[in-house]
Amino acid sequence: MGIVTPGFQGRARSADDKLPPGQYLVEDFPVLSAGPAPRVRLENWRFTVTTETGQKHEWTWADLKTLPSETPTVDIHCVTRWSKFGTSWRGVSLDTLLADVDTAADYVMAESHGGYTTNLPLEDLLDGQAWIAYEFEGEDLPAEHGGPARLLVPHLYFWKSAKWVKGLRLMLDDDLGFWEAAGYHSYGDPWREQRYQGD
Amino acid sequence: MVQGKLAWRVGRLAEVRDETPTARTLVLDVPGWPGHLAGQHVDVRLTAEDGYSTTRTYSIAAPADGERVEITVQRVPGGEVSPFLTEVFAPGDPVELRGPVGGWFVWRPASRDPVLLVAGGAGIVPLMAMVRARRQAGSRTPFKLLYSVRTPEDVYYAGELRRPEAGLDVTFVYSRKGPADWPGEPHRIGVADVNNAGWPAEFAPQCFVCGPTGFVEAVANILVALGHAPRRVKTERFGPSGS
Numbered sequence: 001m002g003i004v005t006p007g008f009q010g011r012a013r014s015a016d017d018k019l020p021p022g023q024y025l026v027e028d029f030p031v032l033s034a035g036p037a038p039r040v041r042l043e044n045w046r047f048t049v050t051t052e053t054g055q056k057h058e059w060t061w062a063d064l065k066t067l068p069s070e071t072p073t074v075d076i077h078c079v080t081r082w083s084k085f086g087t088s089w090r091g092v093s094l095d096t097l098l099a100d101v102d103t104a105a106d107y108v109m110a111e112s113h114g115g116y117t118t119n120l121p122l123e124d125l126l127d128g129q130a131w132i133a134y135e136f137e138g139e140d141l142p143a144e145h146g147g148p149a150r151l152l153v154p155h156l157y158f159w160k161s162a163k164w165v166k167g168l169r170l171m172l173d174d175d176l177g178f179w180e181a182a183g184y185h186s187y188g189d190p191w192r193e194q195r196y197q198g199d
Numbered sequence: 001m002v003q004g005k006l007a008w009r010v011g012r013l014a015e016v017r018d019e020t021p022t023a024r025t026l027v028l029d030v031p032g033w034p035g036h037l038a039g040q041h042v043d044v045r046l047t048a049e050d051g052y053s054t055t056r057t058y059s060i061a062a063p064a065d066g067e068r069v070e071i072t073v074q075r076v077p078g079g080e081v082s083p084f085l086t087e088v089f090a091p092g093d094p095v096e097l098r099g100p101v102g103g104w105f106v107w108r109p110a111s112r113d114p115v116l117l118v119a120g121g122a123g124i125v126p127l128m129a130m131v132r133a134r135r136q137a138g139s140r141t142p143f144k145l146l147y148s149v150r151t152p153e154d155v156y157y158a159g160e161l162r163r164p165e166a167g168l169d170v171t172f173v174y175s176r177k178g179p180a181d182w183p184g185e186p187h188r189i190g191v192a193d194v195n196n197a198g199w200p201a202e203f204a205p206q207c208f209v210c211g212p213t214g215f216v217e218a219v220a221n222i223l224v225a226l227g228h229a230p231r232r233v234k235t236e237r238f239g240p241s242g243s
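So the sequences go chain by chain: P and B.
Per full-length UniProt numbering, the first sequence starts with residue 1, numbered consecutively.
Per full-length UniProt numbering, the second sequence starts with residue 1, numbered consecutively.
Do not take every clue at face value.
[Unchecked claim] Which chain P residues face chain B? A few, computed with CB under 10 Å, are given here:
| id | residue |
| --- | --- |
| 1 | Gly2 |
| 2 | Trp179 |
| 3 | Ala182 |
| 4 | Tyr184 |
| 5 | Asp199 |
Hint data in this document are derived by calculation from the structure and do not stem from the laboratory.
Just so it is clear, CB atoms sit at the ideal spot from N, CA and C, and this is done for glycine as well.
Using the sequences and the hints given, assemble the complete structure.
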């Protein structure tokens, strides 16, 4: 238990077991990003998976839209302490996109238009845990929330769900992405409250 | 860059300064504080008698100064933490802190690029740390600050910002009610404000934008439309939902 600050009472204690430690629930959908939202034209949009040997797998917007889509409804948790329950998305499972990719890599660097990157273990993108999402609540994903398409990895803090995603680079060894190099946790499990390096 | 675990430290409130009727600056003494850069944050953890605790992140309002950490807290009606920090928390009381946090939205005094700061409301706090860091370092790097605020009564650090300072241009935009001598109608910040108060894109300034989400989106898009390279526009949201 921490040091008691005299006079502090706080709110009624919530026993909501859907809320990870240190989070509070919001109804709106706050925006967090490090710079202006890139504007990506659909005719130029590509999603590229590059393996550790340099082999590339590429999808155009039309390619993506012809792949089978899924409609996950998930809770999301931002490291800035808001959580939002029951968000609904449409997108293509990474299991589908990575099905024909031959790799020995254990790690992935997700790369975005605008230069943002974030690192993840490959296994966290597989087995129904991650999508390339292009609709939010039944509408096209707005640019400020990462449209036309973003990575969606809801079991990790939401900075791992890279907005404006343009590709995945498969890596044999882990590396640090944008926020991770600035001191945020390399993995980012909200249930273990892995906010900063060393947590 | 690998950092050790960020440790919680016990700080004590040293003094308070009321900035507006609803915003208070808290000056904390934090033994062991490692220092910070202008623009970084600190996590503040409050614990109640029964062990319940909750944490909020605040931008630091002043550059590193030994073991002193200053934050400015806007009182949010019905909030869990801000009414306590602005009305109850008293000099001498302890609180836990850890930081500094965040290494992107920062200004380093060694930088020579001109700087544009654009603040919306409470978003002035980390930008004020940059203004003060420039002064503390004796930097001659030219700064422009464009500060959008509802009314003159809502201006944080008013006396300090209205005092002339070489190399720092301050422009206010009032969104609800301006002072009697202010030429213009109250309005939300727009292209003309950013164009007139900022630097030409050819000067390649570093731009820092902080405020509520809609404000930040609008200003960032204006800067890009005016020709500023997106990577030179750093943004940070500031709002009651912690975004």
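Here is what the structure says about each hint:
1. Gly2: Holds. Min distance 4 Å.
2. Trp179: OK, holds: P/Trp179 within 10 Å of chain B, min 8 Å.
3. Ala182: Result: holds, 4 Å to nearest chain B Cβ.
4. Tyr184: holds, 9 Å
5. Asp199: holds, 7 Å
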